[in-house]
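Colleague: Full structure from sequences and hints, please.
Protein chains: 2
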Amino acid sequence: MIKEKKIIQNDSAPGPIGKAGTRLGAVGIVKTQVFTFESLKLESGEKFGPVTLAYETYGCLNKDKSNAVLIVHALSGDAHAAGVHEGQDNLGWWDAFIGPQKAFDTDKYFVICSNILGGCKGSTGPVSINPKTAKPYALDFPLITINDMVNAQRRLVDHLGIEKLLSVVGGSMGGQQVLSWLVNYPQNLCSAVPIATTIKHSPQQIAFNEVGRQAIMADAHWKSGNYYEGSTPSKGLAVARMIGHITYMSDKSMAEKFGRTKKVLGEPFKFTADFEVEGYLRYRGDNFVKRFDANSYLYITKAMDNFDASGGRSFEEVLQGTKVKVLVISFKSDWLYPAYQSKEIVKACKLAGVETTYCEIASTYGHDAFLLEVEEETHLIKHFLKKVFYAYEVTGDYGA
Amino acid sequence: MIKEKKIIQNDSAPGPIGKAGTRLGAVGIVKTQVFTFESLKLESGEKFGPVTLAYETYGCLNKDKSNAVLIVHALSGDAHAAGVHEGQDNLGWWDAFIGPQKAFDTDKYFVICSNILGGCKGSTGPVSINPKTAKPYALDFPLITINDMVNAQRRLVDHLGIEKLLSVVGGSMGGQQVLSWLVNYPQNLCSAVPIATTIKHSPQQIAFNEVGRQAIMADAHWKSGNYYEGSTPSKGLAVARMIGHITYMSDKSMAEKFGRTKKVLGEPFKFTADFEVEGYLRYRGDNFVKRFDANSYLYITKAMDNFDASGGRSFEEVLQGTKVKVLVISFKSDWLYPAYQSKEIVKACKLAGVETTYCEIASTYGHDAFLLEVEEETHLIKHFLKKVFYAYEVTGDYGA
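As they're listed, the protein sequences go chains A and B. Heads up: the first sequence begins at 1 in our numbering, then just goes up one per residue. Heads up: the second sequence begins at 1 in our numbering, then just goes up one per residue.
No wet-lab data here; the hints were simulated from the structure. Please note that the accuracy of each hint is not assured.
Going by beta-carbon spacing under 8 Å, a handful of chain B positions derived as facing chain A [claimed, not checked]:
1. K200
2. M217
3. I243
4. I246
5. D251
List of simulated lysine-lysine pairs, BS3-like, C-alpha gap at most 27 Å [said to hold, decoys possible]:
6. A:K343 - B:K257
7. B:K223 - A:K223
8. A:K270 - B:K121
9. B:K347 - B:K387
10. B:K223 - A:K270
11. A:K343 - B:K332
12. B:K270 - A:K135
13. B:K347 - A:K252
14. B:K252 - A:K350
15. B:K223 - A:K290
16. B:K252 - A:K252
17. A:K332 - A:K350
18. B:K132 - B:K223
19. A:K347 - B:K252
20. B:K47 - A:K270
21. B:K343 - A:K252
22. B:K332 - A:K252
23. A:K41 - B:K270
24. A:K270 - B:K132
25. B:K347 - A:K257
26. A:K223 - B:K270
27. A:K257 - B:K332
28. B:K257 - A:K347
29. A:K323 - A:K350
30. A:K270 - B:K290
31. A:K270 - B:K41
32. B:K323 - B:K386
33. A:K332 - B:K332
34. A:K252 - B:K350
35. A:K332 - B:K257
36. B:K270 - A:K290
37. A:K223 - B:K290
38. B:K252 - A:K343
39. A:K257 - B:K343
40. A:K332 - B:K252
Being a predicted model, the structure only gives us computed values, none of them experimental. Heads up, the beta-carbon is just placed ideally off N, CA and C, and yes, glycines get one too.
Modeller: Set out below in C-alpha cells:
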C-alpha cells in the first residue's frame, strides 16, 4: 500500500504521454523562467543585488488578476513543481497536486512556484557569480533569512502584476515562508496554507540541521566554502541528506518500507550496506549531491533555524487585525514538525480572531506526508481555495 | 529542575571526598582490571584470540558466590561504572546507582562491570595490536556480534568463580547484552534487567547508526580504518556522536535544557554556533573523539544493528522453559528505543511463562533517562534484586 503510493509520487503520475512515451504530468511541458531585479534590502540592513529568482507558472492569470496562487518549496525543492521540462522526464515535485481538477486546479487558478533566494536552482545563491569578483560568492554570500526570501518573492509577484494573491501555500520550510508572507504581507493575501511547519524551530530541529551543517563543514573538500573550482564536499553533503531523510520518515513508515533484510556476516567489506534501509540512505545521499550545492544547504538550513515568525513578540499579537483566511495542516506521524507546532499556529490565529481551519491528517508517512498524502490534502486544499475564491469574487475585494 | 538533575549526574554525586577534595563516589577509589584468555569461538565460526576484557568490581563476593550482579554498558560506555580512579576525578558512568544503600547495594552485592569485546577501553578491539602483524587490527578485526561480547563476558564471570549470576543488568546496547545472556545462558542467571532496549533494531535505529558510520567513513582521515599512525577521523566521529546525542534526548528535554538563544546576524563566521544547542553538540562531539576510537564505533554499532535476540525464531519460542526472573524498564519519552519495543519483550516473556515485571517510567529525558532517572530506577531495581536474592537464598538453588 505504502510502496504503491510512493511509486506514484516518485516515478509516475497521471497525465498525458508525450511522443517518445515520456510522462508529461497534468500540465504538460513547462519551462523555468527567471526574474532579475537590481537589489534587495536584506533584513540585516545590507543592500544586496542583483537578485535573480527562478520560477514556473501553470494555468492562466484571469483578467481581474484574482486567481493567483503562490507555491513555495521546502529545503531541497525548486521552481519545478509540476509537468516536465522539454526532453526530460522529471515530473515537478508537487505534480500530483497541480493541474486540471487537482488541488491547485489550473483550469481555475494561475499557479506560480518560486525558487528561493540562497538556493542553487536558478536563483541567486552562494554558487552564483559575485559581480564584484567574477567568482562564485561562496561564503561571501550574505546570511539571508526566510523574510529575505519572501521579500524577494514579493518582488516577483509584483513583477507578474499581481497585487493580491488568492493564496500562498507551502510545507515544511515552505510553511515558514507562508507564515512570513502572513506576517509581512497580509494586505497582499486572501489566504495562507502553512503545512507541516512551525512558528520557530525547536532545539531538536536546530540540532538536526546543525549536524547536517557540521557534516558538510567536516568534509576536507569543503575548504571554508571555496570548493567551486575543485572537488565538492559531496561526502559531507550526502551525510547531511541522509540525516534529513531519516527525519522525513516515521519509525512506522520505515519499518513498513524496509523491514530488516537478513544479515550476511563476513562480507568482503565489513561495513557494506547489509540492510535495505542502509542502501536506501546511501542512494538518496549520493543522488542528492548531484543536484544540490553544499553551501546552499548551509545557508538555507541556517535561515530555517533563525526564523521566528513572531519576531520575538507573541504570534497572536503579530496577527492582530489580519483578514487573511488560514488553513493549517499537520500529520499525525510527523515527528520532525510535530502536530503540536501546527496547533500553536492555530491557537495564535484563533486568539487573534483570524478565520482558521485546522486538520491533522492521520498519516503514517512522517514529515514526507506533505508530499505523499495526495488525496486527503487535495480534498482540503481544493475545498478551501474554492471557498476563498468565491468570497473574494463576491466581495469584489480585488487588490484592496 | 532538569538542569539540577543533570548536574547531579554529570558533575557530582554524594560520596566521600578524598584528601585533595576530589570526589570519590560512594565506592571510593577503584581500579580497572583485565582478564585475558587464549581464544574465543566467534558466532561467525572464526576462532579469535587472545581476548582481553577490562572490568571493575565493587563490593565483595559472598561465601556462596550467590550475590554477583553483572552490569553491562551501552555504546560508548566502559568498565568504569562507579567510584573514581586514583588521582582522577571522573566518576563512573552509573555511579549514582552503585554503592552502599544504592540500587546495586555494595553492602549486599558483588557488582561487576565488564567492558565489551570490540571496544577501546582496555578490551580487545580494532585498536589492539594484532599479534600476527604487530600492528593495530584496524579493519582486520573480525566482525563481532552482541552474542560474541556476551560469550566473552561468560568467560570472565567463570574466571571470577561465579557459576550463577544473581542478575545481569544494562540499558540500551547493555540491554541487548542482557537479552543475549537471557537467551544463551539462562542456567547461569537468577534474573535479568533489560532497560530501554529492543529484541532487534528497527530500520530507524539502523538508519541512525548507519549515518554515524557514513560520517566516519566520509572523513578523509579514516583511510579504510588505517589511521592509527596519523591523524584520526575525528571530525567524522564527532558528527556521528552529535547524531547520537540528538537521539538520546527528547524534543521536550532539549527544549527545557536549551530553549532558543537569541540569534546574532552578521557574525564574523556565518556558521558559528548561534544557538546553545549547537554549542552543546559541538562540545559533546569534540569531547568524544578524545576518548573513543572511530573503528570501534563502526564495529559496535554494526553489532547492535545485526543483533536479533530471537535469532530468527519468535522470542517467545526462544524463552520457553526459562526460569530467569525478568524486570523490563522503559521510558515514556524515549523515541530511540520506544516503549513499544520493551512491551514486545514483556509480551514474549509472559507468553513463554517467564516471571516478568514491567515498568514504563514517565520521564521526559528521552533515551538518556536510563542514566538519569536515579530515584525511580533505584526503587524498582533495589526491590527487584531484594526479592530475587531472597528467593535464591531460601530455595538454596546455588549454581544449579
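Colleague: Taking the hints in turn, state whether each one holds.
Modeller: How the hints compare with the structure:
The interface hint given for K200 (chain B) holds, since its Cβ lies 7 Å from the closest Cβ of chain A, which is under the 8 Å cut-off. The criterion of a C-beta within 8 Å of any C-beta in chain A is met by M217 (chain B), whose closest approach is roughly 7 Å, and the hint holds. Because the smallest distance between the Cβ of I243 (chain B) and any Cβ of chain A comes to about 5 Å, under 8 Å, the interface hint for this residue holds. For I246 (chain B), the suggested interface contact is upheld, since its CB lies about 5 Å from the closest CB of chain A, less than 8 Å.
Proximity of D251 (chain B) to chain A holds as hinted, the smallest CB-CB distance being about 5 Å (cut-off 8 Å). For a cut-off of 27 Å, the pair hint linking K343 (chain A) to K257 (chain B) stands: about 22 Å separates their Cα positions. Straight-line distance between C-alpha atoms of K223 (chain B) and K223 (chain A) comes to about 19 Å, which keeps the hinted pair within the 27 Å bound. Restraint check for K270 (chain A) and K121 (chain B): the C-alpha separation of about 22 Å stays at or below 27 Å, so the hint holds.
Using a Cα cut-off of 27 Å, the hinted pair K347 (chain B) and K387 (chain B) holds, with the two alpha carbons roughly 22 Å apart. A C-alpha spacing of about 14 Å is found between K223 (chain B) and K270 (chain A), which places the hinted pair at or below 27 Å, so the restraint holds. Of the pairs offered as hints, the one joining K343 (chain A) and K332 (chain B) holds, with about 22 Å between alpha carbons and a cut-off of 27 Å not exceeded. Of the pairs offered as hints, the one joining K270 (chain B) and K135 (chain A) holds, with about 19 Å between alpha carbons and a cut-off of 27 Å not exceeded.
At most 27 Å may separate the alpha-carbon atoms for a hinted pair to count; K347 (chain B) and K252 (chain A) meet this at roughly 20 Å. Taking the CA atoms of K252 (chain B) and K350 (chain A), the gap is near 25 Å; set against the 27 Å cutoff, the hint holds. In summary, the hint linking K223 (chain B) to K290 (chain A) is supported, as the alpha carbons are separated by about 24 Å, within the 27 Å threshold. For a cut-off of 27 Å, the pair hint linking K252 (chain B) to K252 (chain A) stands: about 21 Å separates their Cα positions.
Restraint check: the Cα-Cα separation between K332 (chain A) and K350 (chain A) comes to about 21 Å, which is no more than 27 Å; the hinted pair holds. Distance check on the hinted pair: K132 (chain B) and K223 (chain B) sit about 21 Å apart at the alpha-carbon level, within 27 Å; holds. Between K347 (chain A) and K252 (chain B) the alpha-carbon distance is near 20 Å, which keeps this suggested pair within the 27 Å criterion. A distance of roughly 18 Å separates the Cα atoms of K47 (chain B) and K270 (chain A); the hinted pair therefore holds under the 27 Å criterion.
Between K343 (chain B) and K252 (chain A), the direct Cα distance comes to roughly 16 Å. Compliance with the 27 Å bound is thereby established for this hinted pair. For the suggested pair K332 (chain B) and K252 (chain A), the alpha carbons sit about 18 Å apart, so the restraint of at most 27 Å is met. Pair hint K41 (chain A) plus K270 (chain B) holds up; C-alpha atoms about 19 Å apart against a cutoff of 27 Å. Note on K270 (chain A) and K132 (chain B): the hinted pairing holds, with a Cα-Cα distance of about 20 Å set against a maximum of 27 Å.
Pair hint K347 (chain B) plus K257 (chain A) holds up; C-alpha atoms about 25 Å apart against a cutoff of 27 Å. For the suggested pair K223 (chain A) and K270 (chain B), the alpha carbons sit about 14 Å apart, so the restraint of at most 27 Å is met. Distance restraint check for K257 (chain A) and K332 (chain B): the Cα-Cα separation of roughly 26 Å lies within the 27 Å cut-off, and the hinted pair is therefore satisfied. Taking the CA atoms of K257 (chain B) and K347 (chain A), the gap is about 25 Å. The hint holds against a cut of 27 Å.
Taken as a hint, the K323 (chain A) and K350 (chain A) pair is honoured in the structure, with Cα atoms around 12 Å apart against an allowance of 27 Å. Restraint check for K270 (chain A) and K290 (chain B): satisfied, since their Cα atoms lie roughly 25 Å apart, inside the 27 Å limit. A C-alpha spacing of about 19 Å is found between K270 (chain A) and K41 (chain B), which places the hinted pair at or below 27 Å, so the restraint holds. For the given pair, K323 (chain B) sits about 17 Å from K386 (chain B) by alpha-carbon distance, which is consistent with the 27 Å threshold.
The straight-line distance between the Cα atoms of K332 (chain A) and K332 (chain B) is roughly 18 Å, inside the 27 Å bound, and the hint therefore holds. Restraint check: the Cα-Cα separation between K252 (chain A) and K350 (chain B) comes to about 25 Å, which is no more than 27 Å; the hinted pair holds. For a cut-off of 27 Å, the pair hint linking K332 (chain A) to K257 (chain B) stands: about 25 Å separates their Cα positions. A C-alpha spacing of about 25 Å is found between K270 (chain B) and K290 (chain A), which places the hinted pair at or below 27 Å, so the restraint holds.
This hinted pair checks out: K223 (chain A) and K290 (chain B) have alpha carbons roughly 24 Å apart, not beyond 27 Å. Distance restraint check for K252 (chain B) and K343 (chain A): the Cα-Cα separation of roughly 16 Å lies within the 27 Å cut-off, and the hinted pair is therefore satisfied. With a CA separation close to 22 Å, the supplied pair K257 (chain A) and K343 (chain B) stays within the 27 Å bound. A distance of roughly 17 Å separates the Cα atoms of K332 (chain A) and K252 (chain B); the hinted pair therefore holds under the 27 Å criterion.
In summary, the structure agrees with every hint in the numbered list given earlier.
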